[in-house]
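Going line by line, the protein sequences match chains A and B.
Each residue of the first sequence is one higher than the one before, starting from 1 at the first, in the numbering used here.
Each residue of the second sequence is one higher than the one before, starting from 256 at the first, in the numbering used here.
Keep in mind that the hints are not guaranteed to be accurate.
[What the hints assert, rightly or not] Straight-line C-alpha distance at most 25 Å; calculated BS3-like pairs for lysine-lysine:
#	chain 1	residue 1	chain 2	residue 2
1	A	Lys181	B	Lys420
2	A	Lys253	B	Lys318
3	B	Lys315	A	Lys218
4	A	Lys218	B	Lys422
5	A	Lys249	B	Lys471
6	B	Lys506	A	Lys248
7	A	Lys218	B	Lys508
8	B	Lys473	A	Lys124
9	B	Lys318	A	Lys63
10	B	Lys410	A	Lys248
11	B	Lys462	A	Lys38
12	B	Lys473	A	Lys181
13	A	Lys216	B	Lys420
14	A	Lys248	B	Lys298
15	A	Lys251	B	Lys315
16	B	Lys379	B	Lys410
17	B	Lys473	A	Lys249
18	A	Lys58	A	Lys43
19	A	Lys248	B	Lys462
20	B	Lys315	A	Lys249
21	A	Lys251	B	Lys410
22	B	Lys473	A	Lys248
23	B	Lys410	B	Lys436
24	A	Lys181	B	Lys471
25	A	Lys251	B	Lys293
26	B	Lys315	A	Lys207
27	A	Lys124	A	Lys63
28	B	Lys504	B	Lys420
29	A	Lys218	B	Lys293
30	B	Lys471	B	Lys422
31	B	Lys504	A	Lys248
32	A	Lys181	B	Lys298
33	A	Lys249	B	Lys503
34	B	Lys503	A	Lys218
35	A	Lys216	B	Lys422
36	A	Lys251	B	Lys436
37	B	Lys506	A	Lys216
38	A	Lys26	A	Lys38
39	A	Lys207	A	Lys218
40	A	Lys38	B	Lys473
In case anyone wonders, no lab produced these hints; they're calculated from the structure.
The structure presented is a predicted model; accordingly, all values stated were derived computationally and were not measured.
2 protein chains.
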Amino acid sequence: MSDLMLIYGKNSVTEALEQGEREFNKILIADSAGHDEKIEYLKSLAKQCGVLYQFVKKDKLDKLTENARHQGVAALISPIKYEDLDSFIESNSGKNTSIILLDGIEDSHNLGAIIRSAVCAGVKGIIIPSRRGALVNSTVEKTSAGAINRISVIKVNSLVSAVQKLKEHNYWVIAADHNSKDNHFDIDYTDMNFVLVMGAEHAGISKSIMKLADYKVKIPMLTDFNSLNVSNAAAIILFESVRQFINKKRKNKDS
Amino acid sequence: MSDLMLIYGKNSVTEALEQGEREFNKILIADSAGHDEKIEYLKSLAKQCGVLYQFVKKDKLDKLTENARHQGVAALISPIKYEDLDSFIESNSGKNTSIILLDGIEDSHNLGAIIRSAVCAGVKGIIIPSRRGALVNSTVEKTSAGAINRISVIKVNSLVSAVQKLKEHNYWVIAADHNSKDNHFDIDYTDMNFVLVMGAEHAGISKSIMKLADYKVKIPMLTDFNSLNVSNAAAIILFESVRQFINKKRKNKDS
């Protein structure tokens, strides 16, 4: 293993082990972590997978993680493998594939939180720019609660080219835009492949990408305080699509 | 002014000034903050309100905020005033009052993010316990993007008593519970006062409160990765209620 990175948190480390895509150097468990269920499960999983774990002083984890909330567990592992957009499209050729594209999200916590919600909502991939945006680091791994191991992360040099390619492959482009007239719950997500585009915390979505949008949707508010956090906004839209899917399934069953 | 606290971030400071409920000692602006629109607006607002501002080196703000994302602005102001549940109930006696109750949320970022989404969704109050949970601090103020100034924050010694009192005043108790059989989008939020109860990041909602719930709702997932961040979960449920309100208004208009 050449590059190694540190991940921490019970869920992050457990998910990385369970999904089996990462190479482990070793797992570090704090002496003080105790014997709760999750730690015991992690240890037995590590044994099964042939991964070394060792006990260290909590101070050591504090230092290694720069006082992040490590929950008594960390691991040195290989970084995630970024995927290629072409191979993603090829291996997800069915109907109802959804993907999210982040245009310049700079905050690692937001990136991690979006990945976490996206996986819960059945999203298959996330596209991020190779510059001008957060990349996957220890904070993202932790904030995603390990969800990072269950989604294709696609890093591209040009977001515009990526959107164009998706359009060529019959993805509909849905841009979150609080200036839009249309509500996010007024489009039907259940009968298409779509890419949901979320813009940067302050600047929003760049013009060149906005031009390519098939739908622009806003999340209507009940007050004049119009300022959702970008990860919450993404969760609201993605779970509106989940609601529609579930309702459609029920209707099909009934009829 | 006896107690003073530090808040930071352009939105936090601007909102606190605009809402006019807090006493300002002074505003600190970094030399390097430049002359962007928001800073210029903040300065003119401060002048209007008779609040002193002074320029300092960015280093000073870095130190004061312990390297948080202060965006070049901080202020020394009086803490928020916690409200009393009785007076909240009295002054919000109309129909369709919604309130959120947090049972042991420990993470300040989550508390701030929930307040931000709650205000966007028209929620009027937030109940937090005086012990075993995050209280309002500088991080909460920043993460809420100033929304903290637009909601009643009610700190109580007993969450159970608070829920009982709300029930006596015709609030329906909706508990977020991922073990429930019922989906969050299958209840009608538009014809009642409700209190949405969200549980702690790991432990969930305590049994004594769960017993008082009129509805238990889950957010169904499209995968077996069942692990939403609590602020995203709150946003999803609250904005389902917003969707229902807006659709109901439209229907009433049409008929």
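Each hint tested on the structure:
1. Lys181(A) <-> Lys420(B): Distance of about 41 Å is beyond 25 Å: violated.
2. Lys253(A) <-> Lys318(B): With a Cα-Cα distance of about 60 Å, the restraint between Lys253(A) and Lys318(B) is violated, given a limit of 25 Å.
3. Lys315(B) <-> Lys218(A): violated (39 Å)
4. Lys218(A) <-> Lys422(B): Violated: Lys218(A) and Lys422(B) sit about 34 Å apart, past 25 Å.
5. Lys249(A) <-> Lys471(B): Roughly 22 Å separates the two Cα atoms, so the pair holds.
6. Lys506(B) <-> Lys248(A): holds (21 Å)
7. Lys218(A) <-> Lys508(B): Holds. Lys218(A) to Lys508(B) sits at ~21 Å (cutoff 25 Å).
8. Lys473(B) <-> Lys124(A): With a Cα-Cα distance of about 22 Å, the restraint between Lys473(B) and Lys124(A) holds, given a limit of 25 Å.
9. Lys318(B) <-> Lys63(A): holds (21 Å)
10. Lys410(B) <-> Lys248(A): violated (42 Å)
11. Lys462(B) <-> Lys38(A): holds (22 Å)
12. Lys473(B) <-> Lys181(A): Violated. Lys473(B) to Lys181(A) sits at ~30 Å, over the 25 Å cutoff.
13. Lys216(A) <-> Lys420(B): The given pair, whose Cα atoms are some 43 Å apart, is violated under the 25 Å limit.
14. Lys248(A) <-> Lys298(B): violated (52 Å)
15. Lys251(A) <-> Lys315(B): violated (60 Å)
16. Lys379(B) <-> Lys410(B): Within the cut-off at roughly 14 Å; holds.
17. Lys473(B) <-> Lys249(A): Holds, because 18 Å separates the two Cα atoms, which is no more than 25 Å.
18. Lys58(A) <-> Lys43(A): holds (17 Å)
19. Lys248(A) <-> Lys462(B): violated (34 Å)
20. Lys315(B) <-> Lys249(A): Measuring from Cα to Cα gives roughly 57 Å; hence the hint is violated.
21. Lys251(A) <-> Lys410(B): Given that 25 Å is the threshold and the Cα spacing comes to 44 Å, the pair is violated.
22. Lys473(B) <-> Lys248(A): It holds: about 18 Å lies between the C-alpha atoms, which stays within 25 Å.
23. Lys410(B) <-> Lys436(B): violated (31 Å)
24. Lys181(A) <-> Lys471(B): violated (34 Å)
25. Lys251(A) <-> Lys293(B): Outside the cut-off at roughly 49 Å; violated.
26. Lys315(B) <-> Lys207(A): violated (37 Å)
27. Lys124(A) <-> Lys63(A): Distance of about 35 Å is beyond 25 Å: violated.
28. Lys504(B) <-> Lys420(B): Distance ~30 Å between Lys504(B) and Lys420(B) Cα, so the pair is violated.
29. Lys218(A) <-> Lys293(B): With Cα atoms ~23 Å apart, Lys218(A) and Lys293(B) stay inside 25 Å; holds.
30. Lys471(B) <-> Lys422(B): holds (15 Å)
31. Lys504(B) <-> Lys248(A): holds (24 Å)
32. Lys181(A) <-> Lys298(B): It is violated: about 32 Å lies between the C-alpha atoms, which goes past 25 Å.
33. Lys249(A) <-> Lys503(B): holds (24 Å)
34. Lys503(B) <-> Lys218(A): holds (18 Å)
35. Lys216(A) <-> Lys422(B): violated (41 Å)
36. Lys251(A) <-> Lys436(B): holds (18 Å)
37. Lys506(B) <-> Lys216(A): It holds: about 23 Å lies between the C-alpha atoms, which stays within 25 Å.
38. Lys26(A) <-> Lys38(A): holds (17 Å)
39. Lys207(A) <-> Lys218(A): Satisfied, since the Cα-Cα distance of roughly 16 Å is no more than 25 Å.
40. Lys38(A) <-> Lys473(B): Roughly 23 Å separates the two Cα atoms, so the pair holds.
Of the numbered hints given earlier, the model fails hints 1, 2, 3, 4, 10, 12, 13, 14, 15, 19, 20, 21, 23, 24, 25, 26, 27, 28, 32 and 35; all others are met.
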